[in-house]
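**Student:** Line by line, the protein sequences give chains A and B.
To convert a position in the first sequence, counted from 1, into our numbering, add 578.
To convert a position in the second sequence, counted from 1, into our numbering, add 578.
Because the hints were derived from the structure by calculation, they are not lab data.
Hints are not guaranteed to be accurate.
Each pair may be met inside one copy or between any two copies, as identical chains are not told apart.
Said to hold, decoys possible - The calculated lysine-lysine pairs, modelled on DSS-like cross-linking and capped at a C-alpha distance of 30 Å, are:
(1) Lys976 - Lys874
(2) Lys993 - Lys741
(3) Lys842 - Lys906
(4) Lys842 - Lys874
(5) Lys906 - Lys710
(6) Lys642 - Lys725
(7) Lys897 - Lys993
(8) Lys906 - Lys976
(9) Lys912 - Lys993
(10) Lys842 - Lys665
(11) Lys842 - Lys741
(12) Lys872 - Lys709
Below, each chain spelled out in residue letters.
Protein chains: 2
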Amino acid sequence: MSFFYLSNRIIFCFSTMTKLIVVTFLLFHTSTSSSPSSLGSAAMLEPLFQYIDDHQNQFIQRLKEWVAVNSDSGDPTKWGEVERMLKMTADMIEKMGGTVELADVGTHQLPSGETMQLPPVILAEFARDPKKATLCIYGHVDVQPAKMEDGWVTDPFILTEIKGNMFGRGATDNKGPVLAWLHAIESYQATQKEIPVNIKLIIEGMEEMGSFGLLELTRKRNDSFFADVNFIVISDNVWATLNPALTYGTRGSSYFSVEVDGPKLDLHSGVYGGSIHEPMTDLITLLGSLVNHKGKILVTGVTDNVTVLTEDERKTYDKINFDLEEMKNVVGVKKFIQDTKEDVLMARWRYPSLSIHGIQGAFSDPGTKTVIPRKVTGKFSIRQVPNMDPTDVERKVKEHLGQVFSTLNSPNRLKVTATVGAKPWMANLGDPQYVAGKRAVKNVFGVEPELIREGSTIPIAQNFQEETGKSVMMLPIGGHDDGEHSQNEKISRNNYIKGTKLFAAYFYELSLLH
Amino acid sequence: MSFFYLSNRIIFCFSTMTKLIVVTFLLFHTSTSSSPSSLGSAAMLEPLFQYIDDHQNQFIQRLKEWVAVNSDSGDPTKWGEVERMLKMTADMIEKMGGTVELADVGTHQLPSGETMQLPPVILAEFARDPKKATLCIYGHVDVQPAKMEDGWVTDPFILTEIKGNMFGRGATDNKGPVLAWLHAIESYQATQKEIPVNIKLIIEGMEEMGSFGLLELTRKRNDSFFADVNFIVISDNVWATLNPALTYGTRGSSYFSVEVDGPKLDLHSGVYGGSIHEPMTDLITLLGSLVNHKGKILVTGVTDNVTVLTEDERKTYDKINFDLEEMKNVVGVKKFIQDTKEDVLMARWRYPSLSIHGIQGAFSDPGTKTVIPRKVTGKFSIRQVPNMDPTDVERKVKEHLGQVFSTLNSPNRLKVTATVGAKPWMANLGDPQYVAGKRAVKNVFGVEPELIREGSTIPIAQNFQEETGKSVMMLPIGGHDDGEHSQNEKISRNNYIKGTKLFAAYFYELSLLH
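Isolated chain A, as found in the complex:
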């Protein structure tokens, strides 16, 4: 534990008022000081960093092998590939001296009614020393769907480096970061340094589907696997700007399927058009009732529980170094719904949103087809924030859609299914993990990390925090323009290799603070 940290601690007794100022000071300034820990870090970490630099092409080759596996968990026919990917991960951990359990997380019922065995979850650990703090690292090795015809410039399953960026599905979400953790451990082992914290790993293959079975597993292993864990760290998101970041909150998500089932077969729109209650007409009305062009969710009551913005919270957004014009260029839009940096960030991080993703069963190919589709299923999701509750959201969405549908006087059959329901997550910023994370970032990147929230969902963050009561932090290494879930997903060589160093440094900084 550093002198600076101790000396600051002494000031704590002054007054509550002073305490508040000091905590803020701690959060924003500890790692900028030249504390003994930072000075010690440099000497301690230099050989590790050298090893990582020297082995970067080997690390990239491993990522290439991982990206080559189409472990798309959204498609049950690919679950075999998900299992193969988990096996490759387990083999690597075992070769590094870790012990691995492939934990059974049961079965899952598909929308078709079929029941399938879920891929297992990796529970792994390296040699334990009761004197050290125990860090549990979470990651996932499944990916989103990817097809060349979606607009990929390179084959999504062949990692391809172009001008310092390495393109491939899973490069940043989340195969690259999982490998970076393993390579950080390797850097200690290869340089004969003792890893300063006990390491546990949880690696799953169902994250993109909503981490089926993992919550239950967490509950079951709360008194065993998790009993001696002090910290849980997740690197499954990206920076918000050009600067490195620590993430202290994520939005939750519920994914809805709205099926409108009508005639028993597709019909010719010439022969039947005008006489049929067309499922597409019903569905378009249903989807059109969800959100307006300003992004406002129109489902009655769904946003009632959103935490009210305080002036103090609003001010935290002023400090974030976010270039609105740069972001417009990255995504290729002339404007966002909101006009200011603060409002855009709040729309992405602390307010809910509703996106309509597509329609299954309708005509979706190029060309012209004059069909009345017999059954169509709209897909949309709601990103949730504190204090929205997925169960409450699901109930209100179903009520709303049922009510809108009842006005259509339609003989078609409506079925609304919520397939994922993940709560939003907010961490305690005063936790030692955040101090260690800030120091590690400063050490590797030479700048202060930004303290950010994340619009996307890592359901397990909230689940881990709620179920285990342990400290949870998110420590991203992906760039803000990595395009996770998009065409041409990538991670830069720089972020991948410096990210590996960050993780190695983080082990060390965390050990000093425990």
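Position chain B against the provided structure of chain A, taking the given hints into account.
**Tutor:** Below, chain B without anything else, positioned relative to chain A:
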């Protein structure tokens, strides 16, 4: 010319009032009488019918060979198959002694900007006798798209007979009827009977796309190919009920693509949701502004020119033998938008309709994908009736969508394209073709045909009538449950074989009336 027909003609001089009654009588009752033509027909046609019965399996084998060709004109990559199908058709006509010209109809520009050579149009004729009437038969050998995964029970390109129905793409629309015409000619040739009319054929491969190039070809050949044509007959629709029918009107059609182009790549709905003007949200609003749940088109002014229903016209619908309950079973719906037989038929035949077919570019697969699609294209079409004009409809739709889009304050780019614009068609019911058609139906099926209109579009019917000034009739042989454009399209063995007899009989009856 028959005695009965002459004797009725004599009555014409009585008075205008009487004349009207007699015309009606002629239209509804001529073929029920045992006129000399009908008596003559039986003896004349019996050997032809016998030949057709004896060769039905061979006729079905030919249809099987034709159905095996995936001549989907909606997909330009399949135009090679369309050309192969046209070549097979031309070869068959030539083997039967016809002369064939493969007429060049120029090029077509795809939405991508690429220009492609259109498949040719077959202009064929059999030996001409200036004393005979000349009948020009129109048909097409291209098909709608079909994939097993759309819900076909059998392979759409392997004609499969199940309980008297022959399933396959194009079986009824329109390969079956085209073959039936050729087999009707064959029945005269094989039984050494002189074909009583001169036969010309126009067979195209672009009907499902809107008959690209055919209108221009009709204009060019008005003074040559069409000069000696007396009648044009089209068999490219189906009966409306269990009864055979003659069709005297079709709806027109315009097909619209509404493209909303937004960010330069697909975005993660978690990361960006709430801050982006999502193209899908814009598109859903645009599509939702087109038609309401009662089938009413909401585009301002589009229905202004629809012919006003008169009491006389309304009464014609009373006579049609249409079983609403049976039709509900066929399509598998509990109710139609309208409650009565008359209103349902008018909604399908004499009022316009708007159907939304689907969205290209959005997530359309099974499973869950949390994407904000970067560019989405909605597809819809409007079926038009007299006196709507496609050019006027296109202008009003574009104005309407532009106006709705302007209210969204969206930075996305809207592009509305009308890819097909076909006028509605109405024939003159007093034409001799309808009398001959009625007699032929009575002769083969033993019942009176119903005089119906058709909700779907055969653009060329109106084009032929308008450009050549010749009489046009539609003489369907497909059953009302054939499911053209749907999964499991079929034609029954009974309709296919009796339809061939109908065409043979029709040649004969038409020759008597000319």
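**Student:** Among all the numbered hints in the text so far, which are the ones the structure does not match?
**Tutor:** Of the numbered hints, 2, 5, 7, 10 and 12 do not hold.
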